[in-house]
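Novice: Those sequence lines, one after another, are chains F, R and E.
Here numbering that gives the first Met the number 0 is used: the first residue of the first sequence is 0, the next is one more, and so on.
Here numbering that gives the first Met the number 0 is used: the first residue of the second sequence is 0, the next is one more, and so on.
Here numbering that gives the first Met the number 0 is used: the first residue of the third sequence is 0, the next is one more, and so on.
Simulated from the structure, these hints should not be mistaken for lab results.
The structure presented is a predicted model; accordingly, all values stated were derived computationally and were not measured.
Where hints are given, some of them may not hold.
Said to hold, decoys possible - With a cut-off of at most 30 Å between alpha-carbon atoms, the simulated DSS-like pairs for lysine-lysine come out as follows:
| no. | chain 1 | residue 1 | chain 2 | residue 2 |
| --- | --- | --- | --- | --- |
| 1 | R | 292 | E | 111 |
| 2 | R | 299 | E | 462 |
| 3 | F | 139 | E | 26 |
| 4 | E | 462 | R | 292 |
| 5 | F | 54 | R | 299 |
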Amino acid sequence: MSSSDERHDHAADANTSGESAVSRRKFLKGTGVALTIPLVAGGEKIVKAAGADVKIYGPNKTEITLTVNGSPKKVSVEPRATLLDTLRNDLDTTGAKRVCDRATCGACTMIIDGKPVYGCTVLAIEAQGRKIETVESLAKGDALHPVQQAFWDNDAQQCGFCTPGFVMACKALLDKHPSPTEEQIEMGVGGNLCRCGTYHGIKGAIAQASAALKKGPAKMTRGGKSNG
Amino acid sequence: MQNFEYASPTTKEQAVELLGKQWGETEVIAGGTDLLSLMKDFIVTPKRVVNIKNIAELRGVTINRAGGVRIGALTSLEEMIERLGKGYGALTQAAKEITSPQIRNMGTVGGDLCQRPRCWYFRAGFGLMAKNENGEPLVPNGDNRYHAILGNDGEAKFVSASSLGPGLIALAAKISVFGPKGAREIDADKFFVAPKSASDRETVLAPNEIVTAINIPSTVGVRSATYEVRQREALDWPMAAASVALKLDAAKKVTSARIALGHVAPTPWNAAEAAKFLVGKTITEDVAAEAGKIAVANAKSLSRNAYKIQLAQVAVKRAILQAAG
Amino acid sequence: MLERDAELMVAGTRPSAYAKVKIGAKKDGTIVAWESQAWGSGGVGNFSFANQLPYVLKVADRKEVFSVIPTNTGPQRAWRAPNHPQACLITMSAFEDMAAKLGMDPLDLFMKNLPLAGVRQNVYKDELMKAAEMIEWKKLWRPRGEGAPGSTKNVKRGLGLSLHTWGGGGHASDCDLTVHPDGTVEIKMGTQDLGVGTRTVLAIVAADTFAIPLNQVKVHIGDNRYPVSGGSGGSTTVGGISASTRRASVDALNMILEKVAPTMGTTADKLEAVGGKIVEIGKPTNSMTWKQACAKLGTQPLTTRGKNPGKETLTTGGVGGVQMADVSVDIETGVVKMNNFVAVQDCGLIIDMKTTESQVFGAMIMGVTYALYEERVMDDQTGKMLNANMEFYRLAGLRDIGNFKVHMMTGKGYDERGVIGIGEPPTVSPGAAISNAVANAIGVRVPTLPLTPDRVLAALAKKGGKA
Ligand SMILES: Cc1cc2nc3c(=O)[nH]c(=O)nc-3n(C[C@H](O)[C@H](O)[C@H](O)COP(=O)(O)OP(=O)(O)OC[C@H]3O[C@@H](n4cnc5c(N)ncnc54)[C@H](O)[C@@H]3O)c2cc1C
Ligand code: FES
Ligand code: FES
């Protein structure tokens, strides 16, 4: 359990006022529920539903395999583990950031099966068999991906918390629309927020990356010239 | 998030058997864009989560022979925008205004209809009816700037969060539902309900029923549009919205009209009186504005949200003008 | 590390400020009297707001009262230019309201009253003229409520301006700089980088002093093991760190020049570093590469410590800036949209234009955000913060900001002032400039920030529903 989960646990326990808290306490005492299938602690089990065998995972950990940036990774997770937390806490892939953890900021943006999604809002167990790409997949050794290079050249990052997500959102945008219109740009990165206010640089970065991706790798420049 | 057990059935029959008979025991997960946040905030604490994404028949958009369209519940918002043509403006405009491509890729049509209210008292743990420990309601004397202006006589003061709901009502869609007793079809208009107690939900679904598809009748000759008043373009919710579907005769007179408001009531709000007013008229700015007035004639503001009456009225006017124009 | 919800609940908020202002002016727009009764809350405890009003334009005959109202909410926190945005809004909106009352173009009224800005009035004058040119003020501005060109029945366009000031002199800083015999340079300093370009600036100062490429300089910062140097705050970082690094670099360079002078058959005072070489001044054929020069160090690297403050003045404080906003307001819905936003700013000697401009752009974007969206909502029944999230504690997205232009004042009169901080000043004016633009567009002042639809509609209703 991550520290944040503990924090939320306390918050909910301390909150004796709300109806949801009441029902949760009742629930914890085990008074509220009568499921058709008895719950037992432990990995996987099979239940019969509509005549078929259906696997039930959890609540304890089960082993899953995730394809992260091209390589398969085995990891044991509880069903509640998000893909973001699993990558960050168990698989040493910390590029995607956890900021809101509620699908409202984009810092955790990664590309799954070619589409940008919020990693904080995908269950790890549901990401099996899918192609997961994080910001770590972009640079080849010291050579930055044109989108990363464009962020650098346009000084499109300050504190950097939103940046890995923005870079992935921009990459997904340019994969889909190599020469994006202004509207496509705005729609393409409309799921990412930056507190430091780097949007001006990001707009420039998208233009540069779009040009560079068509021409081949961009040149590195020293950061002394004007943003214009 | 409280831990849960997880099942991923491959048929709708399995899915409904795996679901509990009481709300709260189990939850369906589709795109997860709302459910995961609800679980992280302990607003719902299911013992079991049933993933419906492996049920193939819930996917896909098909145009049927009569010109209608069936949209599988698992269709992502993005896919819906890409697949639906011009005649479905009321729906596609609403979905496009969800500015985040991540949400549009992950969020499903079924999930949009079943998503829970964004009322900040509800989301802070004060329950669906937003009450303090003495059972006193918090919304009437609290910060209700985003709460309901219509249908707010009962305990439910939140607004329905679904932007597709009003569009579906305007387009006279039916919602296909599957449960232990089999399949049923529900008018979009009847699908949403204002709950009577905090343990109820905002739709007519039983705890072990799922939405399987949306069926929209032929839109031949239908002009539809949605207008949303959004303060901010980024990652946001409308403050008020209206979806309108019109049929016009050769002389540009309205022969039939349907109008539904969004984000102003505990359910998407069918503004039947306003729609009736339009029939037989030629759409002008004045006619549209009058319909807007009629749509909010029975609105009652809470202490801080009178401005939403104005916003709703303007949304109706502008949606009508867009649909007609 | 706090996640967003915790950050919003416990990290502290910008204190509120409200005011009733009376100002007196002559018919020609000269402001002659100021009276303000202001109050605000910084949550639990006190905070100081005194002596800020009137802001920049210090009306001689004035009376100000300020009351602090403690509340049972979290404490206040210094929030990028503490107290300035509030004081700026209160002052600049009063001046703009007076201009409207007198039927004057506010640009003319502000110009007329610049003597109230004291020693820096000429900077403001140049900046006002530059900003006006960039936003096409004279072409686009219309009297309050008339609507600038492009206005329609429901959407009114307006222009607004504001001025601001800030200190920004460098803080105390120690810097250890080491030149290695292979010609590479290392800098060690305790100050960290918030992402504003601290590393970039340090490397540029050393590289420029030694006339070597940037990648020859390694920067190590943000660690207690390194020399003591102030934190990031108050826009005092860049002045402090650049001054200590410059001193350490100059000292190291002089020592190296002393070392190589005999070999080059001259004295150290006749040598300089240019283009990767040590060169005799006026006799470029007598030269030695930087690498060769450093090899003269033998096996021992050379380490110097630079300090700020030091003997000469390398950093000063006190900057001025002008911002002008061009907005559109939907008078049926109260929704405000940014069209164009212009900033003209001075900050002394600019070490790196790109990161400097990034600070200004970022400050303006944060400014749009607090002017239009950002607001903590507390429930007074339960004491809970209702919007400790990112959906209802709104931040502007890329689509919300409109077009930005930044112009930095440089050259004579600016460069010789030394290095001055830039992080805070450009975030002071946006609230005032945007509020003034909205008032200009719709013909009535929306008295509270953020300028949300409910507030805009309420102001319009008060005025009689017409704009
Ligand atoms: C920042 C942000 C802004 C947003 N703005 C808007 C907006 O402007 N307008 C708008 O309409 N939406 C908006 N959304 C909401 C988004 O559209 C929904 O979260 C999404 O559509 C839900 O789909 P899902 O598949 O992810 O649902 P899930 O999160 O998987 O499920 C949501 C709920 O529906 C239930 N459910 C899902 N599918 C079914 C089914 N087939 N049958 C029965 N129950 C089901 C789940 O049990 C759960 O209770 C926004 C979301 C965010 C985070
Ligand atoms: S951390 Fe996932 S969207 Fe904010
Ligand atoms: S760079 Fe700091 S949030 Fe974007």
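Novice: Does each hint fit the structure? Answer for all of them.
Specialist: Results for each hint:
no. : hint            : result
1   : 292(R) - 111(E) : violated, 48 Å
2   : 299(R) - 462(E) : holds, 23 Å
3   : 139(F) - 26(E)  : violated, 68 Å
4   : 462(E) - 292(R) : holds, 21 Å
5   : 54(F) - 299(R)  : violated, 51 Å
In summary, the numbered hints that this structure violates are 1, 3 and 5.
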